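These protein sequences, in sequence, are chains A and B.
This note's numbering numbers the first residue of the first sequence as 441 and each following residue consecutively.
This note's numbering numbers the first residue of the second sequence as 441 and each following residue consecutively.
Hints may contain errors.
Unchecked claim - The calculated lysine to any residue pairs, modelled on SDA-like cross-linking and capped at a C-alpha distance of 20 angstroms, are:
no.	chain 1	residue 1	chain 2	residue 2
1	B	K592	A	Q443
2	B	K609	A	L608
3	A	K606	B	S477
4	A	K527	A	D480
5	A	K592	B	F515
6	A	K592	B	R588
7	B	K490	B	Q528
8	B	K507	B	I596
9	B	K507	A	P600
10	A	K609	B	I607
11	B	K508	B	L554
12	B	K548	B	Q528
13	B	K592	A	I445
14	A	K548	A	M441
15	B	K592	A	S444
16	A	K606	B	I607
17	A	K508	B	F604
18	A	K522	A	E474
19	B	K490	B	K507
20	A	K534	A	I453
21	B	K556	B	M441
22	B	K534	B	K595
23	A	K606	B	K592
24	B	K592	A	R588
25	A	K508	A	I445
26	A	K595	B	N581
27	B	K508	B	V565
28	A	K609	B	N581
29	B	K592	B	G473
30	A	K548	A	E474
31	B	K507	B	T567
32	A	K609	B	R588
33	A	K606	B	D513
34	A	K606	B	F563
35	A	K534	B	E460
36	B	K592	A	I607
37	B	K595	B	S468
38	A	K592	B	M441
39	B	K534	A	Q456
The hints are simulated quantities; they were obtained by calculation from the structure and are not laboratory data.
Predicted, not measured: the structure shown is a model, and the values here were computed from it.
There are 2 protein chains.
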Amino acid sequence: MHQSIEILERTPIVLQNLLEGLSPEWTSNNEGGETWSAYDVIGHLIHGDKTDWLTRAELILSYNVEKKFQPFDRFAQFENSKGKTLKQLLDEFKEIRDANIIRLRSLKITEQDLEKTGVHPTFGVVTLSQLLSTWIVHDLNHISQIARVMAKQYKIEVGPWIEFLKILK
Amino acid sequence: MHQSIEILERTPIVLQNLLEGLSPEWTSNNEGGETWSAYDVIGHLIHGDKTDWLTRAELILSYNVEKKFQPFDRFAQFENSKGKTLKQLLDEFKEIRDANIIRLRSLKITEQDLEKTGVHPTFGVVTLSQLLSTWIVHDLNHISQIARVMAKQYKIEVGPWIEFLKILK
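Looking at chain A on its own, in the form it has when it is part of the complex:
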């Protein structure tokens, strides 16, 4: 659990340092088409922390007989983020994540708990261990994505170097 929490608790700070105060050219643009900007991704992370990860973990550990997870809405941020600045979203994510870390610690998850299971709408039976590992990889995935989306804003500006920069392909 220690190795999981040490990642989860730093994600909001990493994102604040990476994004807060940047010119909107870096944070409002996406990779083209239906892809997401950094701004969109922060809204998605907030929605996950509000409705998904910890809620599912608590369901697995609860006395409920019914362990079926609610499907996750991957597009909720387009409604929820409306009218908010990026700074507001970054602060909101920090707040909900900090609260979730406190809740997560208070669950005092044991090795035995990690093997307990819930039912995922697509995959069927999954363990608490798999859920928590996925939460972390999901964070890292979106940090990686945000850096890539930002890099792509300079796709033309780098000129011939594009050949050495796999991230732009």
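We have chain A already, so just place chain B on it with the hints.
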């Protein structure tokens, strides 16, 4: 220039927040084979800031007639990082980058300067503008890479979710 410096100056802080104090399982492991760990990447970034980006920019802006860049050693970190802790490398990167930002600002680069050129060992003639844009994309590329390398440490742990996590493929 403003949009470039605002990225360059925050990279060391983002990396300190992402990596400092983490368990070595996250920072010393790579993606397998000859790939790089987070630790290796920080050494690579230090070497670039010591010998490459700003040195090339200064050469372009200098009165030298000979504008040929020195080739960059992409493996120097395996020698230079020896015996150093990750914390030492992160601090060293912060120090050299902060110094480079001061030097970069002191160059007072104009729009006209951005069109000045140097000679890259592979690409031939490149502009100062392309060089500086590449410096930024290079930072973002390695932030993205580090998040990916860390994510891959949980490739098995996520179980069936691997299907939804493109970063693990």
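Cross-check of the supplied hints:
no. : hint            : verdict
1   : B:K592 x A:Q443 : holds (14 angstroms)
2   : B:K609 x A:L608 : holds (18 angstroms)
3   : A:K606 x B:S477 : holds (17 angstroms)
4   : A:K527 x A:D480 : holds (13 angstroms)
5   : A:K592 x B:F515 : violated (25 angstroms)
6   : A:K592 x B:R588 : holds (17 angstroms)
7   : B:K490 x B:Q528 : holds (16 angstroms)
8   : B:K507 x B:I596 : violated (49 angstroms)
9   : B:K507 x A:P600 : holds (17 angstroms)
10  : A:K609 x B:I607 : holds (15 angstroms)
11  : B:K508 x B:L554 : holds (17 angstroms)
12  : B:K548 x B:Q528 : violated (31 angstroms)
13  : B:K592 x A:I445 : holds (17 angstroms)
14  : A:K548 x A:M441 : holds (9 angstroms)
15  : B:K592 x A:S444 : holds (14 angstroms)
16  : A:K606 x B:I607 : holds (14 angstroms)
17  : A:K508 x B:F604 : holds (19 angstroms)
18  : A:K522 x A:E474 : holds (17 angstroms)
19  : B:K490 x B:K507 : holds (18 angstroms)
20  : A:K534 x A:I453 : holds (7 angstroms)
21  : B:K556 x B:M441 : holds (15 angstroms)
22  : B:K534 x B:K595 : violated (31 angstroms)
23  : A:K606 x B:K592 : holds (18 angstroms)
24  : B:K592 x A:R588 : holds (17 angstroms)
25  : A:K508 x A:I445 : violated (25 angstroms)
26  : A:K595 x B:N581 : holds (12 angstroms)
27  : B:K508 x B:V565 : holds (9 angstroms)
28  : A:K609 x B:N581 : holds (11 angstroms)
29  : B:K592 x B:G473 : holds (13 angstroms)
30  : A:K548 x A:E474 : violated (40 angstroms)
31  : B:K507 x B:T567 : holds (11 angstroms)
32  : A:K609 x B:R588 : holds (16 angstroms)
33  : A:K606 x B:D513 : holds (18 angstroms)
34  : A:K606 x B:F563 : holds (16 angstroms)
35  : A:K534 x B:E460 : holds (19 angstroms)
36  : B:K592 x A:I607 : holds (17 angstroms)
37  : B:K595 x B:S468 : holds (16 angstroms)
38  : A:K592 x B:M441 : holds (17 angstroms)
39  : B:K534 x A:Q456 : holds (18 angstroms)
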